[in-house]
Amino acid sequence: MKKYLHVLNIGIQNNLAYRFNFLARALFGFIPLLALLSVWRTIYAAKSPGATVGTYTLAEMVSYYLLATIVNALTAVHDDDWQIANDIRDGAISQFLIKPIDYLWFRLVLFASGRIAYFAVAAAPLLALVFLLRKYFVLPPDMVTFGIFLVSLVLTALLQFFISYIIAMLAFWVLEVSTFIFIVYAFEFIASGHLFPLDILPAWLVRALAFTPFPYELFFPISIYMGKTTGAALAEGLAIQLFWVLVAYFAARFAWSRGLRRYTAVGG
Amino acid sequence: MTRLARYISIYAALWKNSVTREMIFKTNFVLWIVVELLWFGLQLCFVGVVYMHTEAIGTWTKWQVVMLIGAAHFIQEIFQAFFLINCANLSELVRTGKLDFLLLLPVNTRFVVSLRQVDLGSFVNAATAVVVMGYAAHQMQLSLTLGQIFGFLVLCAVGILIHYSLMFMLATISFWTVRAQGIVWAYYNLFQVARLPDEAFRGMLKITFTFAIPMLLVANVPVRFILDTLRWPNLLLLLAVGAACWAVSSLVWHVSIRRYTSASS
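Each protein sequence line maps, in turn, to chains A and B. In this text, residue positions in the first sequence follow this note's numbering: the first is 1, and each later residue adds one. In this text, residue positions in the second sequence follow this note's numbering: the first is 1001, and each later residue adds one.
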């Protein structure tokens, strides 16, 4: 345990070296966010006051995108998948095979340190933006809901990490994994709710998406926060999210052990 | 004339190199086209979903916005085909000092820095954008004259020039700070503004993205031109802004290149 805390500490320090990159990334990310908000504002302006899209009022719609940005900052995989693929390709994983450190936990701790460092930098501009748009920012119905949201947030981060880890394992079989990363990311982008809240889709499509892990990578925790998933549906959703986390975890372990059979370290 | 002929033959050689390079990694070449196609499809899905819940964005109807997204994608892909990799590579040339070699060549340095590699897959994706635009035109029962198509292409070229000038300026930041690569990729966020209808923006955002970073002119003006909803001042504005971006980027390039102090070799 102590050794992983040490990794966390070093990881945070390493990541903070990129603080200006992080800040630039966060600020540039506001551009498409504000653009999308403008589009929705224009759409709502043409409707009667108090009108909704799906179940969303204008304030809820704005809050959805702000929350998506916050959840994303806290849980999204940055370039961990690339780093893991590189480690495999250039043989850097060899050292972990002979040390008493588990590579998956090692990468998970590094991922956590990356998120902590990123959020430490991005929190100020994010909060400033939320403050500017406070008229449109809804709060969770109560503290219990907020607590459950936080639990779901951790599960989301784990799910995102394990899925990226599985894709990075492809590096054992193919030389170039970035196209695969982008293809999966495209599906995650639309099916997890980055572009729009999933429940404004036709009902059959929402039901179909519920059978995939994608909604649990972003949409689900936001719907908890906004009080749109409650009661039995909430309990069931958390169970399914946990189920996907476990599936992804075991798949990641499996891919690693199969990959190692093919692995040949070249040189020192 | 001989000068032009010389540059054309140099550029032909660069093309030949790029084709050879792409053909070494055939699978990767095809997969990148798939990636771009997926992201294009994603944008179209977004329009589809939004128009389930509204009749119009401002005065823009569904097929008009599809046309706009197609045009913005077309402009972006042609820009990518010629310039994007080269702009992104500039910081690497500065960091490693490989720019020395290009400075010594008996050609215009900006020419060779900007056009060294051609991204052939982008032409395929530009073609898919043309198909989508054609389909949208068909849905609107738009019949275009050759003059309109020619005008559209000229305005698209101005849009590409604006993208190129802005990104090239961003890339020259690498003469001041070594790690500028991320800054160039940050430009991707601006493409997302270029494909949205201008009427969705108001106030400060509209002013910023029209005059300072003219993303709302790049694709909106050409599309409005063929939809016959273009007001003439906006046409002139696009041309003026295009010329201004080019002029400023030339100036910035000349100032920046003076700061170049190679790397140890």
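Heads up, some of the hints might be wrong.
With a straight-line Cα cutoff of 25 Å, these simulated BS3-like cross-link-like pairs (lysine-lysine) come out [what the hints assert, rightly or not]:
no.: 1; chain 1: B; residue 1: Lys1098; chain 2: B; residue 2: Lys1016
no.: 2; chain 1: B; residue 1: Lys1062; chain 2: B; residue 2: Lys1206
no.: 3; chain 1: A; residue 1: Lys135; chain 2: A; residue 2: Lys2
no.: 4; chain 1: A; residue 1: Lys47; chain 2: A; residue 2: Lys135
no.: 5; chain 1: B; residue 1: Lys1098; chain 2: A; residue 2: Lys47
no.: 6; chain 1: A; residue 1: Lys228; chain 2: A; residue 2: Lys135
no.: 7; chain 1: B; residue 1: Lys1062; chain 2: A; residue 2: Lys47
no.: 8; chain 1: A; residue 1: Lys135; chain 2: B; residue 2: Lys1016
no.: 9; chain 1: A; residue 1: Lys3; chain 2: A; residue 2: Lys135
Looking from chain B toward chain A, a few residues come up when the C-beta cut is under 10 Å (computed) [what the hints assert, rightly or not]:
no.: 10; residue: Asn1028
no.: 11; residue: Val1035
no.: 12; residue: Cys1045
no.: 13; residue: Asn1189
no.: 14; residue: Pro1197
no.: 15; residue: Asp1228
no.: 16; residue: Ala1247
no.: 17; residue: Val1252
Note that these hints are calculated values from the structure, not bench results. Quick caveat: nothing in here was measured; it's all calculated off a predicted structure. All C-beta atoms in this analysis are idealised placements derived from N, C-alpha and C, irrespective of residue type, glycine included.
Checklist entry - Holds or violated: is the Cβ of Ala1247(B) closer than 10 Å to a Cβ in chain A? => result At about 25 Å, which exceeds the 10 Å cut-off, the nearest Cβ of chain A leaves the hint on Ala1247(B) violated.
Checklist entry - If you take the shortest Cβ to Cβ gap from Val1035(B) to chain A, is it below 10 Å? => result holds, 4 Å
Checklist entry - Does the CB of Asn1028(B) sit less than 10 Å away from some CB of chain A? => result It holds, given that the least Cβ distance between Asn1028(B) and chain A is near 6 Å, below 10 Å.
Next on the checklist: Can you confirm whether the C-alpha distance between Lys3(A) and Lys135(A) stays at or below 25 Å?
Outcome noted: violated, 46 Å
Next on the checklist: Would the hint linking Lys135(A) and Lys1016(B) be met if the CA-CA limit is 25 Å?
Outcome noted: violated, 57 Å
Next on the checklist: Does Asp1228(B) hold up as a contact with chain A if the rule is Cβ-Cβ below 10 Å?
Outcome noted: Violated. Min distance 22 Å.
Checklist entry - With 10 Å as the cut and Cβ atoms as the points, is Asn1189(B) at the interface with chain A? => result Nearest chain A Cβ about 5 Å off; hint holds.
Next on the checklist: Between the alpha carbons of Lys135(A) and Lys2(A), is the straight-line distance 25 Å or under?
Outcome noted: violated, 45 Å
Item to check | Interface hint outcome for Pro1197(B) [beta carbon to chain A under 10 Å] | outcome: Since the shortest Cβ distance to chain A is 8 Å, the answer is holds.
Next on the checklist: Please verify whether Lys47(A) and Lys135(A) have alpha carbons no more than 25 Å apart.
Outcome noted: Cα-Cα ~19 Å, so holds.
Next on the checklist: Hinted pair, alpha-carbon criterion (25 Å max): Lys1062(B), Lys1206(B). Please report holds or violated.
Outcome noted: holds, 21 Å
Next on the checklist: Between the alpha carbons of Lys1098(B) and Lys47(A), is the straight-line distance 25 Å or under?
Outcome noted: Since the Cα atoms of Lys1098(B) and Lys47(A) sit roughly 57 Å apart, the hinted pair is violated (cutoff 25 Å).
Checked against the numbered hints above, the structure breaks hints 3, 5, 8, 9, 15, 16 and 17 and satisfies the rest.
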